[in-house]
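**Student:** Next come the chains, spelled out residue by residue.
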Amino acid sequence: MASTETHDTPGLFRRVMESEHGFLALVLIVLVVGLGLATDRFLTGSNAVAILHQSSLVLIVAVGMTLLLITAEVDISVGASLAFASCIVMATINATGSIALGALAGVAFGAGIGLINALVTTVLRVNSLIGTIAMMMMLNGGVYLFTREAVQNHHQLPLFPKIATGFIAGIPVPVLIAAVVAAVGWIALSRTRIGRLFLATGANPRATRLSGYSPERFKTVAFVVTGALVGLAAVVLASLLNAGQPTAGQGFELTVIAAVLLGGTSLMGGRGTVLGTILAVLILKVIDNGIILLRWNQDLQIIVPGIVLILALYMDQRKRGHHAG
Amino acid sequence: MPQSNKALRIVAANGEVALIVTLAVVIAVFSGLSEYFFTLRNLTNVLGQASIILLIATGVAVALIGGEVDLSVGSTVAAVAIPLIGIMNATGSLTLGIAGALALGLLIGAVNGYLSAYMRINSLIVTLGTLFLIRGGVYLYTGKRATADTAYLDSFFAIGNGRLFGILPYPAVIAGVVVIAVIWAMRHLRFGRRIYAAGGSAEVARLAGFDVARIKFACFIISALMATLASILLASRLGAAVHTAGDGYEFQAIAAVVLGGVSLAGGVGNILGVVLGVLILAFVSNGLGMINAPTEWQLVITGLVIIAAVALDSLKKRWR
Chain A
0 MASTETHDTP
10 GLFRRVMESE
20 HGFLALVLIV
30 LVVGLGLATD
40 RFLTGSNAVA
50 ILHQSSLVLI
60 VAVGMTLLLI
70 TAEVDISVGA
80 SLAFASCIVM
90 ATINATGSIA
100 LGALAGVAFG
110 AGIGLINALV
120 TTVLRVNSLI
130 GTIAMMMMLN
140 GGVYLFTREA
150 VQNHHQLPLF
160 PKIATGFIAG
170 IPVPVLIAAV
180 VAAVGWIALS
190 RTRIGRLFLA
200 TGANPRATRL
210 SGYSPERFKT
220 VAFVVTGALV
230 GLAAVVLASL
240 LNAGQPTAGQ
250 GFELTVIAAV
260 LLGGTSLMGG
270 RGTVLGTILA
280 VLILKVIDNG
290 IILLRWNQDL
300 QIIVPGIVLI
310 LALYMDQRKR
320 GHHAG
Chain B
0 MPQSNKALRI
10 VAANGEVALI
20 VTLAVVIAVF
30 SGLSEYFFTL
40 RNLTNVLGQA
50 SIILLIATGV
60 AVALIGGEVD
70 LSVGSTVAAV
80 AIPLIGIMNA
90 TGSLTLGIAG
100 ALALGLLIGA
110 VNGYLSAYMR
120 INSLIVTLGT
130 LFLIRGGVYL
140 YTGKRATADT
150 AYLDSFFAIG
160 NGRLFGILPY
170 PAVIAGVVVI
180 AVIWAMRHLR
190 FGRRIYAAGG
200 SAEVARLAGF
210 DVARIKFACF
220 IISALMATLA
230 SILLASRLGA
240 AVHTAGDGYE
250 FQAIAAVVLG
260 GVSLAGGVGN
270 ILGVVLGVLI
280 LAFVSNGLGM
290 INAPTEWQLV
300 ITGLVIIAAV
310 ALDSLKKRWR
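Protein chains in written order, with numbering that gives the first Met the number 0: chain A, 0 to 324; chain B, 0 to 319.
One or more of the hints may lead you astray.
[Stated by the list, open to error] Every beta carbon over 10 Å from chain B, so not counted as near; a handful from chain A, in silico:
1. PHE22
2. LEU25
3. LEU123
4. LEU128
5. LEU253
6. LEU299
7. GLN300
[Stated by the list, open to error] If you want a taste of the chain A side facing chain B, the calculated C-beta under 7 Å gives, among others:
8. ILE28
9. VAL31
10. ASP39
11. VAL125
12. ASN126
13. ALA133
14. MET136
15. LEU144
16. ARG147
17. LEU158
18. LEU239
19. LEU240
20. ASN241
21. ILE301
These are computed hints drawn from the structure, not numbers from a lab. Every residue gets a Cβ at the ideal spot worked out from N, C-alpha and C, and that includes glycine.
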């Protein structure tokens, strides 16, 4: 359809467009340059820090979701689990006075939900899209059985708000956490044998089984890792809101999945990278930030990701079609 | 072809028997637990409440049978109510209002269908995108405020709140007629059979000479129009176009559809099963309310019912 157009483009441009992350990086650069020219408040150190800060919650969970989608499964319950876990974190710290125990409880809760999702998927053989929608419903109901209202901060530990607002060596703590999670995920997935086995699980479960590895086991690990990362994000969220909010995670699952898909991870499994996910989260958050700085209507923050997602997949499809043809 | 049809019918029939038994058990249990449950008033109320999700679920089921997913139905419910109420308030005409709603519904279905069927972008992603886009558009246009119906037409009020012969709520009548028409069309019209063919194996359907893209495009139109009908009923009940209306309906609908035995892989399923799936979830939710269980338990138990039903179904398939 547009083959003449791609044939006429210069070599470098085409190479960038067709490289795995070139297109996403290009989009990010265009956005940054464009917004830098549009408003002088964009290209400042404090704004860059703010964007990274806002990216961290989504990125922490998106790394797990990348792993999960690569094994050809999905988790719709992450938003509901995030809200529930943030209540658990706050309630535990209120009860014990220990931030470590609170964080541990949050991560354990998230990982436990991940394990249940994994068992429902691998043992009961329920399609993970449906199983985790059901889990989302149960958590949405369950959190109100656990607490009728937001769990307030009764412990007043001075260190607790610092998890979300503190800095280490000039870098915000949530950004540091997200960076470590992303780095570990990136290296594990692209540089280790185990990472390649995750990709194999999604690409061809039968071949994986014949090679002596259990696809179910890799899927289970991916669910539990995603759940544990949701718990970790819940610690940051509880600190950020200074409360456990039962309604905090609404729509979070869609944002995370949109970012992971935009990053080039395949819904069918077997293909995806953490680097792509990182670039996609940054693109979405730079757009969010730009909408605020340009004083556009903030409802655009819901519309633009939708357009970006469809556009990116369309470009991806065309690229792939070009390769095939 | 006739042989596979027969096999399909037997599988579907078996699934429906299990669903009917489940529904009977649910009704029997709650009838025992609450004296108010098995009354004409309550049963007809449930049918009225279930009709909105039933319409949406039927549309989603047609798309799924055609091998495509439509996640944008919840946002569509909110969007099409805006021209409905807006035009009615401006002109005082119910017909024009419904025409406006149908026009926007058609447009949404056409966009989803064009991107998915003709541009060949994965429909889960397309409709996840349009879910955001439409909801954002609704917020942008309304300023996150509900638009009240100020035309006060008796006919519009009756659509959502009236009862046929004073007994059966009109939403149940409307949904019933529409869904029976869809069941009939899926079984007996050539077009219905082609949706199964396209969803079962697009390649085989193509080789058989079907225009697969057109069939899939039509699935999105049907799904959007069903959401539009549901939106009209909901707007009449609420007496307004509410910007948050339909939030999460996509998940409720998919849950009921899968509970009703429609495969996520496409090509398999039966709208009658979807009706039973919707009714089971509606009666569970209503029954829990009747025995004064906190409404949150409804969500928890609905989730458990969905997992149990789908797990049983897939285990049954493995044993066979």
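**Student:** Which of the listed hints are broken here?
**Tutor:** 3, 4, 5, 6, 7, 8, 9, 10, 16, 17, 18, 19, 20
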